[in-house]
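For chain P, the structure is supplied; the task is to place chain C on it using the hints.
Sequence lines, in order, name chains P and C.
Anchor point for the first sequence: position 132 equals 133 in our numbering, and the numbering is continuous, going up by one each time.
Anchor point for the second sequence: position 52 equals 54 in our numbering, and the numbering is continuous, going up by one each time.
One thing to keep in mind: the hints can contain errors.
[Claimed, not checked] The calculated lysine to aspartate or glutamate pairs, modelled on EDC-like cross-linking and capped at a C-alpha distance of 20 Å, are: (1) P:K16 <-> P:E136; (2) P:K16 <-> P:D132; (3) P:K238 <-> C:D44; (4) P:K238 <-> P:D193; (5) C:K98 <-> P:D193; (6) P:K16 <-> P:E128; (7) P:K16 <-> P:E100; (8) C:K98 <-> P:E128; (9) C:K42 <-> P:E136; (10) C:K42 <-> P:E100; (11) C:K42 <-> P:D193; (12) P:K105 <-> P:E136.
Quick caveat, the hints were computed from the structure, so don't treat them as lab data.
Because the structure is a prediction, the values reported are computed rather than measured.
Next come the chains, spelled out residue by residue.
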Amino acid sequence: MTAQSGRNGTFWFFKGVRGIASLPAIILMSAFVGFCGFAVEAGIPFGQTVFMTGMIWALPAKVLLVGSILAGASLPAAFLTVALSSIRLMPMVAALIPEIRTAKTPTWLLLLLSHFVAITAYVFTMERIRDVPREHRVAFFAGFGMTVTTANIVLVAVIYSTVASLPALLAGGLFFLTPVYFLTSIWASTRDRAGRIAMLVGLALGPAFHQVAPEFDILYAGLAGGTLAFLADRALKARAERS
Amino acid sequence: MIGYETFEAWWWPYVFIAIAGWVATDMWRWLGVLVGNRLKQDSAALTWVRAVATALVAAVIAKLILYPTGALEDAPVALRVAAAGIGFAAFLMLGKRIWVGISVALSLLIGGQMLMGL
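With the rest of the complex left out, here is chain P (with noise of 0.2 Å):
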């Protein structure tokens, strides 16, 4: 029984390492392209760049770094910038930890793991892991997570020094590139209601609390957005259960 399990973890291993072929990877990989070719025409040197991409891994919070950097923001300020928009990790791995986790993973094992977690690997866990027998679920995500990441360390470290002939039509359609997909896969991967007006709603505030508190902004759009989609999806249960 031991035996067979453990054939079972290598295997859901695996499985998880072979989702270096799908879409979101790809689609992943394409916009570290983009990064990889801001980074180098802001002057990040070779080392950094591969640096932040396996440290940061969050592509929006590298492109605030780098921005950061650029524009001269003293430490204090850069890290500001880059905390306040990466607050949707905190929701995000609680959300994901619920499903991949069994009564005895260790705590140490998790947040090791949960380095790997950001929109991509979020997306397609969660489209597939309710095909994944429980007690494996750990190791498929462990095999994508760590795949994909190091995926793009080596993407990155390979084209950095040919990436800066880019044209500028196809490097901003590579950074439209990240939108654009956290647009339509965080909307498949979707199913319940309240994500869905949460949606909406967070993409009408983020703009909108933009104009009165751009520091916060992401930070109150997120609150705000995510406590109303909530209360309606409530109302409107409640109404569907009275009638």
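For chain C alone, kept in the frame of chain P given last:
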């Protein structure tokens, strides 16, 4: 104030990136693990957390389109919004295929810029 170029040492930019980049992102992931460990599947709290996560991402999406960095700044804002909107509509109408939405949005953005001679 201490910044990216404050110290000459080769390792300083790495420290800068580690603090302003790595700690600033991974602290949320670690907090997420601690919160997620207490959440029960199918609970109301989990629904709320998921809704907040989705709204946060939506706000990031809107900002990436409206206030972009890098080469995307060259495209007019109306073109960026239209390309994303029509791409999303195509995605919804043509069987929710992600590649459909992305191809439509990208073609409109690049085609539109070529037409405008940018």
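Now the hints, each set against the structure:
1. P:K16 <-> P:E136: Measuring from Cα to Cα gives roughly 14 Å; hence the hint holds.
2. P:K16 <-> P:D132: Distance of about 11 Å is within 20 Å: holds.
3. P:K238 <-> C:D44: Cα-Cα ~15 Å, so holds.
4. P:K238 <-> P:D193: Distance ~12 Å between P:K238 and P:D193 Cα, so the pair holds.
5. C:K98 <-> P:D193: Status holds; Cα separation ~16 Å.
6. P:K16 <-> P:E128: Holds, because 14 Å separates the two Cα atoms, which is no more than 20 Å.
7. P:K16 <-> P:E100: Holds, at roughly 17 Å.
8. C:K98 <-> P:E128: holds, 14 Å
9. C:K42 <-> P:E136: Holds. C:K42 to P:E136 sits at ~17 Å (cutoff 20 Å).
10. C:K42 <-> P:E100: Given that 20 Å is the threshold and the Cα spacing comes to 9 Å, the pair holds.
11. C:K42 <-> P:D193: holds, 16 Å
12. P:K105 <-> P:E136: Satisfied, since the Cα-Cα distance of roughly 9 Å is no more than 20 Å.
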